[in-house]
Amino acid sequence: MQRIAFQLRVKPGSEDAYDEAHRHVWPELLAELQACGVREYSIFRRGCDLFLYMLVPDFQALLSHLSQSDVDRRWQQTMEPLFERVPSLQEGETFAMMDEVFYMQGKSDQGIAFESALEEGKHAE
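Going by this note's numbering, the final residue of the sequence shown carries number 959, and the count climbs one at a time with no gaps.
Note that these hints are calculated values from the structure, not bench results. As the structure is a computational prediction, the values presented were derived from the model and not from experiment. Don't take each hint at face value.
With a Cα cut of at most 20 Å, we get these calculated SDA-like pairs of lysine to any residue [what the hints assert, rightly or not]:
hint	residue 1	residue 2
1	LYS845	ASP883
2	LYS941	GLU874
3	LYS845	PRO915
4	LYS845	CYS882
5	LYS845	LEU916
6	LYS845	GLU918
7	LYS845	PHE885
8	LYS845	GLU862
9	LYS845	TRP909
10	LYS845	THR928
11	LYS845	LEU897
12	LYS845	SER922
13	LYS941	ARG873
14	LYS941	PRO861
15	LYS845	LYS941
16	LYS845	PRO921
17	LYS845	THR912
18	LYS845	PHE929
19	LYS845	PHE878
20	LYS845	GLY881
21	LYS845	LEU889
22	LYS845	GLN910
23	LYS845	GLN911
24	LYS845	MET913
Turn these sequences into a full structure, and let the hints guide you.
Take a look at the structure:
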């Protein structure tokens, strides 16, 4: 499984509309994400900045599938007016992907396991 994180940004004044839309994510979109193997998906917002995290078998395969999805296309069309460009977005990037530099997972009755993703050579693609 891949742990994926990236940034998005909503336009100033669009925060409430964005939050409201995500209180009512369409069930058919959630079903499509689950069918693609998405295990976890969280979005955090601070002001206009969004941090998105997901646990997925293959992020590129997910993007490929969603690019052919009518329900995702409709959702993206609904959300698109709320977004603005992420300042750190590099030329040719679709998403401002974030590199994982640390991961900690609790181990039942065995203490805590952690790793530095950089030391292990792991990062978001």
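Here's how the hints hold up against the structure:
1. A distance of roughly 9 Å separates the Cα atoms of LYS845 and ASP883; the hinted pair therefore holds under the 20 Å criterion.
2. Only pairs whose Cα atoms come within 20 Å are accepted, and LYS941 paired with GLU874 is accepted, the gap being roughly 19 Å.
3. Using a Cα cut-off of 20 Å, the hinted pair LYS845 and PRO915 holds, with the two alpha carbons roughly 8 Å apart.
4. For the hint pairing LYS845 with CYS882, the CA-to-CA distance comes to about 6 Å; that is within 20 Å, so the pair holds.
5. Taking the CA atoms of LYS845 and LEU916, the gap is near 6 Å; set against the 20 Å cutoff, the hint holds.
6. Taken as a hint, the LYS845 and GLU918 pair is honoured in the structure, with Cα atoms around 5 Å apart against an allowance of 20 Å.
7. Taken as a hint, the LYS845 and PHE885 pair is honoured in the structure, with Cα atoms around 15 Å apart against an allowance of 20 Å.
8. With a CA separation close to 26 Å, the supplied pair LYS845 and GLU862 exceeds the 20 Å bound.
9. The straight-line distance between the Cα atoms of LYS845 and TRP909 is roughly 17 Å, inside the 20 Å bound, and the hint therefore holds.
10. At roughly 17 Å between alpha-carbon atoms, LYS845 and THR928 fall within 20 Å of each other, so this suggested pair holds.
11. A threshold of 20 Å between alpha carbons decides the hint, and for LYS845 with LEU897 the separation of about 24 Å lies outside it, so the pair is violated.
12. Distance check on the hinted pair: LYS845 and SER922 sit about 15 Å apart at the alpha-carbon level, within 20 Å; holds.
13. A distance of roughly 19 Å separates the Cα atoms of LYS941 and ARG873; the hinted pair therefore holds under the 20 Å criterion.
14. A C-alpha spacing of about 33 Å is found between LYS941 and PRO861, which places the hinted pair above 20 Å, so the restraint is violated.
15. For the given pair, LYS845 sits about 40 Å from LYS941 by alpha-carbon distance, which is inconsistent with the 20 Å threshold.
16. The straight-line distance between the Cα atoms of LYS845 and PRO921 is roughly 12 Å, inside the 20 Å bound, and the hint therefore holds.
17. This hinted pair checks out: LYS845 and THR912 have alpha carbons roughly 14 Å apart, not beyond 20 Å.
18. Of the supplied pair hints, the one linking LYS845 and PHE929 holds, its CA atoms being roughly 16 Å apart against a limit of 20 Å.
19. At roughly 15 Å between alpha-carbon atoms, LYS845 and PHE878 fall within 20 Å of each other, so this suggested pair holds.
20. For the hint pairing LYS845 with GLY881, the CA-to-CA distance comes to about 10 Å; that is within 20 Å, so the pair holds.
21. With a CA separation close to 26 Å, the supplied pair LYS845 and LEU889 exceeds the 20 Å bound.
22. With a C-alpha separation of about 15 Å, the suggested pair LYS845 and GLN910 falls inside the 20 Å cut-off, and the hint holds.
23. For the hint linking LYS845 to GLN911, the alpha-carbon distance of about 15 Å falls within 20 Å, and the restraint holds.
24. This hinted pair checks out: LYS845 and MET913 have alpha carbons roughly 11 Å apart, not beyond 20 Å.
The structure shown violates the earlier hints numbered 8, 11, 14, 15, 21.
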